[in-house]
Amino acid sequence: MRGRVSTASTLQRLGLRAVGRLGGLRALADPERRRAVEGLLRRGAQAGYSAQVAAGRAFVKRHGSGGPARPSPAPRGGIFDLTPTEDQAMLRDAAAAFADGVLREAGREADDSRGIPAAVAEAAAELGLTLIGVPAALDGIAEEASAVTGALVLEELARGDLSLAVAIMGTASVATAIALYGSADQQATYLPHFTGEAPVRAAALALQEPQPLFDPLAPRTVAVRDGEHLVLDGTKALVARAVDAELFVVSALLDGEARLVIVEASSTGLMVEDDPAMGLRAAHTGRLRLESVRVPAGNLLGSAADHLDAIRRSRLAWAALAVGTSQAVLDQVRDYVVERTAFGEPIGHRQAVAFTVADIAIELDGLRLATWRAAARLDAGKDAAEEVAIARELTRAYAVQIGSHAVQLLGGHGFVKEFDNERWYRDLRATGALEGMVLI
Amino acid sequence: MIDLEVPRRLRPLVESAAAMADEVFRPISRKYDRAEHTCPTELDVMAALIDGMGRSGASGGAGATGAAKESPKSSQDKGIRNGANLSSVLSILETSRGDVGLTLSLPRQGLGNAAIAAVANEEQKLRYAGRWAAMAITEPSAGSDSGAIRTTAVRDGDEYVLNGEKIYVTAGERAELVVVWATLDRSLGKRAIKSFVVERSNPGLRLVRLEHKLGIRASDTAAFVLEDCRVPARDLLGDPEISTAGGFGGAMQTFDNTRPLVAAMALGLTRACLDLTRELLAAEGVEIDWDRPGAVQSAAAARLLQLEADYASARLLTLRAAWMADNGIPNSMEASMAKAKAGRTCVTVALACVELCGATGYAERELLEKWARDAKILDIFEGTQQIQLLVVARRLLGLTSAQLT
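As given, the protein sequences belong to chains A and B, one line each in that order.
If you read the first sequence in this note's numbering, its first letter stands for residue 250, the second for the next number, and so on.
If you read the second sequence in this note's numbering, its first letter stands for residue 30, the second for the next number, and so on.
None of these hints come from the bench; they were simulated from the model.
Each hint should be verified, as a subset may be incorrect.
Once the Cα atoms are required to be at most 20 Å apart in a straight line, the calculated SDA-like pairs of lysine to any residue come out as [to be verified]:
#1 A:K631 x B:K60
#2 B:K60 x B:E393
#3 A:K631 x B:R37
#4 B:K405 x B:N231
#5 B:K405 x B:E393
#6 A:K631 x B:E393
#7 B:K60 x B:E44
#8 B:K405 x B:V376
#9 A:K631 x B:P36
#10 A:K666 x A:E358
#11 A:K631 x B:K405
#12 A:K631 x B:R40
#13 A:K631 x B:D318
Could you put together the complete structure from these sequences and hints?
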């Protein structure tokens with residue numbers, strides 16, 4: 250009987266709701282009891298967090314000689330061109346081979362197990378992809394500004410598997426950020442832990458926060474100066490490989506401006522809690538909680554303008570990832586719709602199906618070109634605020650649409666795990682919605 | 030090296046076209062919207078200017094005449110070219126930002142000129158140089174299905190005799206030449222379709238009427254009847270033989286070059302709408318913040334962000350199609366992608382801008398309502414949205430026109 254709910258079921262529903270949110274219970278109308286229960290709950294939630302014990306690594310402070318090394322701007326030819334340089338093509342092809350030979354195959358298992366399979370991690374380390382944003386002068390592999398290179402590489406990796414791409418390149422984002430914004434001392438202290446014999450297991454760029462309508466320019470995480478230190482308080486959500494990470498770059502509001510701060514995982518007051526999501530499973534996302542975390546004031550990374558630059562480069566990285574996975578979608582559905590038959594002919598012979606594939610291709614290509622344009626402007630040292638925002642908006646609008654088409658075109662087959670499509674659907678939802686994690 | 034900016038060499042051309050849009054087209058835009066079928070004589074001087082730009086060599090071609098396919102290069106030749114297709118797209122975008130109807134009325138810049146540039150032999154190109162050519166494909170019972178046209182061409186000595194009916198001929202009244210599609214033998218289907226250059230003064234080509242339209246009223250749209258219209262045989266464009274393959278395809282190749290141009294018109298109109306709407310909304314305190322998520326901005330700002338993103342996507346798809354043509358890379362699919370995206374974007378944006386500006390958008394005091402009327406044709410002529418999607422899908426899926434109809 251619609252519209253009539255029995256008392257028993259009302260209670261049951263209240264009870265169910267209480268599991269999620271105790272605030273709904275009448276017994277808690279009394280403010281004092283409510284405070285007590287909330288305190289308990291908070292402690293309970295904290296129990297979920299664990300101090301970063303995995304983080305034994307000591308980052309011994311070093312002094313860099315002279316000024317910081319920066320990637321030099323890539324000169325432009327003054328010609329409209331869509332051809333990558335030979336170096337870029339080489340790196341892209343290496344990433345493509347890795348995607349086809351390793352990532353695509355491993356994607357399903359990584360999604361199930363929420364981690365990078367050992368063989369994949371080894372192969373990735375061998376390729377040295379995490380150093381594509383670090384200049385050669387700092388023992389990285391970038392000859393010059395590398396946003397375009399980064400976009401091409403992320404595109405290929407995500408064509409293999411998006412969440413593995415995030416798991417692998419999340420670490421690269423920290424190396425790239427220190428190369429782009431770090432002082433000579435910061436570069437000398439931290440970059441050898443990426444370029445050296447014993448690289449960090451993982452590092453993470455933690456900008457995202459849990460609240461809805463999160464605006465990265467107004468983070469709730471705050472930093473307060475205390476003598477020679479900064480004291481950080483706040484929560485970062487969906488941090489890639491938070492448990493494994495030995496080094497974090499977090500954003501925090503300092504003197505009314507959003508800034509980047511380097512935080513070592515061993516810092517007191519830093520806690521990590523598992524934070525699984527609908528996708529990005531291989532990146533084993535975690536929530537980072539900072540409670541009165543003290544770091545040296547020298548850990549402030551770059552300026553407020555650099556923080557803004559990091560947001561833009563991160564959004565562009567997501568756009569490149571969206572391009573790659575959307576390409577995987579297109580490659581698969583174009584075969585599927587001419588092989589699958591219904592009503593006596595391939596379903597691709599019907600306009601409703603064929604036009605959907607055409608729309609995927611059109612929006613994908615537009616997004617790719619917008620991403621390349623913004624990246625090329627960054628490399629040329631030009632302002633790219635608008636171009637990055639365009640790529641971001643196209644990602645927001647179309648990556649999800651393409652993910653949805655990917656499932657819809659296969660019908661029930663798209664919904665079951667027999668095909669990659671349901672995973673693409675889940676992973677593509679992240680690309681236009683999340684901030685941080687990756688950077689080019 | 031990947032770079033998607035307007036090349037330095039073409040910037041002066043773009044600036045000249047932009048000046049023409051602002052200083053010449055805009056001031057007379059409303060006048061010719063109201064005075065439908067009146068020839069905008071102000072444009073004669075402009076056409077001379079564009080001819081000059083084309084000849085100067087500095088621009089590498091400005092208008093529709095410039096768009097021609099380059100032959101594929103040898104693998105040794107690594108030099109990337111920004112040529113006539115790109116410059117045409119960029120300059121047409123600017124003039125269309127001024128006014129699409131007036132752009133279509135620019136003497137010697139007709140779509141027929143683009144067809145001639147695409148498929149004519151060298152002797153023909155020389156002979157038709159400097160003359161304004163319109164394009165006549167559509168018939169009362171054959172629009173998108175251009176393979177189904179009924180106008181016939183029968184060989185008679187050194188001439189062809191054309192009979193049939195043509196409608197929706199842009200600039201048909203004002204042009205000096207009309208490129209007419211006709212079939213040599215209806216029983217042989219599409220491959221028997223050829224295009225003929227007919228002198229506007231030919232007594233067999235009779236103007237029946239000019240259409241009254243939703244938009245682009247500055248541009249005349251003519252209907253003709255061809256009655257025993259005798260055309261010299263040398264005015265058949267391309268190969269006169271009915272080959273088993275590639276005949277109709279040859280005629281259709283025109284579209285690979287003209288679709289990016291029409292996409293550019295749609296982009297120009299879209300740009301006009303966005304520029305004015307952003308100006309009007311800024312006066313109301315609404316501006317896009319490029320660095321904040323749309324969801325934390327006002328609904329109007331978030332909507333503008335969406336519209337700008339679709340514009341940028343359509344623009345880059347169009348520049349890519351032109352870049353491919355300039356570098357001898359086959360671009361049928363990419364030309365249709367550009368036209369599809371630009372066509373639907375211009376309609377969406379123009380209508381959204383009317384909505385965002387309310388009464389100011391809907392009333393005739395501003396040009397927004399006119400642009401919203403002009404926009405619709407850009408998703409129709411030179412191949413409707415649906416035809417573009419068919420072209421794209423057939424290419425993507427490797428299907429023939431018989432399999433995917």
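Against the structure, the hints:
The suggested pairing of A:K631 with B:K60 is violated, with an alpha-carbon distance near 41 Å, which exceeds 20 Å. In summary, the hint linking B:K60 to B:E393 is supported, as the alpha carbons are separated by about 12 Å, within the 20 Å threshold. Distance restraint check for A:K631 and B:R37: the Cα-Cα separation of roughly 15 Å lies within the 20 Å cut-off, and the hinted pair is therefore satisfied. For the hint pairing B:K405 with B:N231, the CA-to-CA distance comes to about 33 Å; that exceeds 20 Å, so the pair is violated.
Of the supplied pair hints, the one linking B:K405 and B:E393 holds, its CA atoms being roughly 18 Å apart against a limit of 20 Å. Using a Cα cut-off of 20 Å, the hinted pair A:K631 and B:E393 is violated, with the two alpha carbons roughly 40 Å apart. Proposed proximity of B:K60 and B:E44 is contradicted: the alpha carbons are some 24 Å apart, above 20 Å. For the hint linking B:K405 to B:V376, the alpha-carbon distance of about 6 Å falls within 20 Å, and the restraint holds.
Restraint check: the Cα-Cα separation between A:K631 and B:P36 comes to about 15 Å, which is no more than 20 Å; the hinted pair holds. Between the alpha carbons of A:K666 and A:E358 the distance comes to roughly 11 Å, so the proposed pair stays at or under 20 Å and holds. For the given pair, A:K631 sits about 36 Å from B:K405 by alpha-carbon distance, which is inconsistent with the 20 Å threshold. Distance restraint check for A:K631 and B:R40: the Cα-Cα separation of roughly 17 Å lies within the 20 Å cut-off, and the hinted pair is therefore satisfied.
Among the hinted pairs, A:K631 with B:D318 is consistent with the structure: their alpha-carbon atoms are about 18 Å apart, no more than 20 Å.
Checked against the numbered hints given earlier, the structure breaks hints 1, 4, 6, 7, 11 and satisfies all the rest.
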